[in-house]
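All chains should be built: construct the whole structure from the sequences, respecting the hints.
Number of protein chains: 2
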Amino acid sequence: MSDLPRRVHLHEEGPREGFQMEAGPIASADKVRLIEALARTGLREIQCVSFVNPGRVPGMADAELVAQSIRKRQGVRYTGLWLNLRGMQRALGTPLDIEGTVSISASEAFSVRNYGKGTAALLDAQRTTLAFCVEHAIAVTRASVTTAFGCNLEGAICAATVVERVSQLLGLMDEFGLPLPILRLADTVGWAQPNAIASAIGAVRERWPALRLGLHLHDTRGTAMANALMGLQMGIDTFDSACAGLGGCPFAGHTGAAGNICTEDLAFMCEEMGIDTGVDLEALIECARLAEQIVGHPLPGKLMRAGTLERLRH
Amino acid sequence: MSDLPRRVHLHEEGPREGFQMEAGPIASADKVRLIEALARTGLREIQCVSFVNPGRVPGMADAELVAQSIRKRQGVRYTGLWLNLRGMQRALGTPLDIEGTVSISASEAFSVRNYGKGTAALLDAQRTTLAFCVEHAIAVTRASVTTAFGCNLEGAICAATVVERVSQLLGLMDEFGLPLPILRLADTVGWAQPNAIASAIGAVRERWPALRLGLHLHDTRGTAMANALMGLQMGIDTFDSACAGLGGCPFAGHTGAAGNICTEDLAFMCEEMGIDTGVDLEALIECARLAEQIVGHPLPGKLMRAGTLERLRH
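Respectively, the protein sequence lines represent chains A and B.
Each residue of the first sequence is one higher than the one before, starting from 1 at the first, in UniProt numbering.
Each residue of the second sequence is one higher than the one before, starting from 1 at the first, in UniProt numbering.
Think of the hints as simulated: they come from the structure by calculation, not from any bench.
Please read all numbers here as calculations on a predicted model, not as lab measurements.
Watch out, some of these pointers could steer you wrong.
Going by beta-carbon spacing under 8 Å, a handful of chain B positions derived as facing chain A [said to hold, decoys possible]:
(1) ALA120
(2) LEU123
(3) ASN152
(4) CYS158
(5) PRO194
(6) ASN195
(7) ARG221
(8) MET225
(9) ASP265
(10) PHE268
(11) MET269
(12) GLU272
(13) LYS302
(14) LEU303
(15) ARG305
(16) ALA306
Positions of the beta carbon are idealized from the N, C-alpha and C atoms, including for glycine.
Take a look at the structure:
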């Protein structure tokens, strides 16, 4: 356990991952209310909305309205997600903290099925975004390899493929003279297990020892917290997570959909292991309860039901 | 990860842990149906009922009826739980596979609150049970230290206290010339986190290197699978678990009591990590769905919603 980080950075994605999944419409004011509550917990970065095609993701049709309504708090970054230049341009029209992103799926089949393009074409398409970022002096801070552990179409992804994709992303950044501050490995569809986490991180580290890595985990098959532990044991200090485990509802008949790793459960585990997260667990629990109230059905987070141990200690 | 076991033994406790917690009455026939389905999954040991005071645990008033109704399957052990000699004598009147057990809480306060006796008095009371076992040639195969990681009354339990309790249990067994085949450390009320798991296992191992250890984990605060991973990494090859994550401790003293670690989720993680469990995941998923249907409300298991990866690979 000697590689455990001393401090972990949690990138809250509940409002974006969660609300885009909900079947019923969520009031824009409720989205804003949750985002503002999350910003009071000590979280430093909150992904609020996604600027995607409202035809494909109706739950995000109010992205601009939500982004404009947030009363921002000093020291918190309010981010958004997009998948192409058009989305990024929409995002730039809002008061969100906009940064450039590059992302590629480890699975070629996943890319073709979801974006209608193979890896090479998708990488090429991102040249347009990167050129735009360079031209407008927008920092490129997020890079991700999605489906990094497996894909429902292609099966398990081996570490060598992850290394190849990282190499392609680094090459792309290099074309524009950009450094890569942090690379995320995303278990997009819930294939990861601890050995695969160790294997992928180990392979990337061996090739690029100085590259900072983060994990984006889903609890599709119940392994998210174990996968996070393996990440922590390998020194990973950056995790995407979602308040209350938003991002899928195993209790509402969305078969197979499961949320991101739950922010307050992960923060609880870190804090109890002596790893600083900078967040107030009690305030996070209140956010999780608010999220549950907003979506109107149970969410998978556990800590919000059991309460912290700190409360029992005092 | 070099200490990962090659094979893990799962002791299914869903029928006992789960049904004793349910608010509404569960039909005895449904309990039998689930137990018989579980026995067809490859699980080798199923804790079916508890022989406790029906006044305190009304859901187990039909323990004898359930035990007598099970059509037993070759190669499967059907066990029961009891807390005193009277309970054990009830169990012996049924066709269950009865073995002796000793158990002590690491927390003195927990013992006093729940059993009205301190550690010394509870150990003494178990002399009667052990004497009875020796007299009737009943093997004593289960020994547990409960609340081994913390207690809502006493707070965190340190590894030194666990070592002391193990020493007391070993001393008790030794008085009767009995070996201790396996010792379980139980996170009865959900205080464990991976560092505490490592610390307790490490301390017990250091003192008794040859003593086989098992873990009994609850997912009260979302850390059960991470705790299990830490156990696996330390070579633990025996886990109690509950189908669909059924269960909770009726004495936990707070509304947030959550179920045992989920059998099929744990089995899935083990199998994906190359650790043999001997169970058929698809059959286990069917059991989890049956359990949910029987209790009439959603249960926390994840794999039963997402399905196995093996199914996607083929």
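Now the hints, each set against the structure:
1. A cut of 8 Å between beta carbons decides the hint on ALA120 (chain B): the least distance to chain A is about 26 Å, and the hint is violated.
2. About 26 Å separates the beta-carbon of LEU123 (chain B) from the nearest beta-carbon of chain A, more than 8 Å, and the hint is not met.
3. The beta carbon of ASN152 (chain B) comes within 5 Å of a beta carbon in chain A, closer than 8 Å, and the hint placing it at the interface holds.
4. Checking CYS158 (chain B) against chain A by beta carbon gives a least distance of about 14 Å; that is not within 8 Å, so the hint is violated.
5. Because the closest C-beta pair between PRO194 (chain B) and chain A is about 6 Å apart, less than 8 Å, the hint holds.
6. Checking ASN195 (chain B) against chain A by beta carbon gives a least distance of about 5 Å; that is within 8 Å, so the hint holds.
7. A hinted interface residue such as ARG221 (chain B) counts as satisfied when its beta carbon comes closer than 8 Å to some beta carbon of chain A; here the least separation is about 5 Å, so the hint holds.
8. Because the smallest distance between the Cβ of MET225 (chain B) and any Cβ of chain A comes to about 4 Å, under 8 Å, the interface hint for this residue holds.
9. At its closest, the beta carbon of ASP265 (chain B) sits 3 Å from a beta carbon of chain A; the interface hint therefore holds under the 8 Å criterion.
10. Against a cut-off of 8 Å between C-beta atoms, the interface hint on PHE268 (chain B) holds, since the closest Cβ of chain A lies about 6 Å away.
11. Among the interface hints, the one on MET269 (chain B) holds; its C-beta lies about 5 Å from the nearest C-beta in chain A, closer than the 8 Å criterion.
12. Taken as an interface hint, GLU272 (chain B) checks out: its beta carbon lies about 4 Å from the nearest beta carbon of chain A, inside 8 Å.
13. Satisfaction of the interface hint for LYS302 (chain B) is found here, the shortest Cβ-Cβ separation to chain A being roughly 4 Å, below the 8 Å cut-off.
14. Contact between LEU303 (chain B) and chain A, as hinted, is supported at the beta carbon level, the nearest pair being about 5 Å apart and thus within 8 Å.
15. For ARG305 (chain B), the interface hint holds, since its Cβ comes within 8 Å of a Cβ in chain A; the closest pair sits about 5 Å apart.
16. About 5 Å separates the beta-carbon of ALA306 (chain B) from the nearest beta-carbon of chain A, less than 8 Å, and the hint is met.
Taken one by one, the earlier hints fail for this structure at numbers 1, 2 and 4, listed in ascending order.
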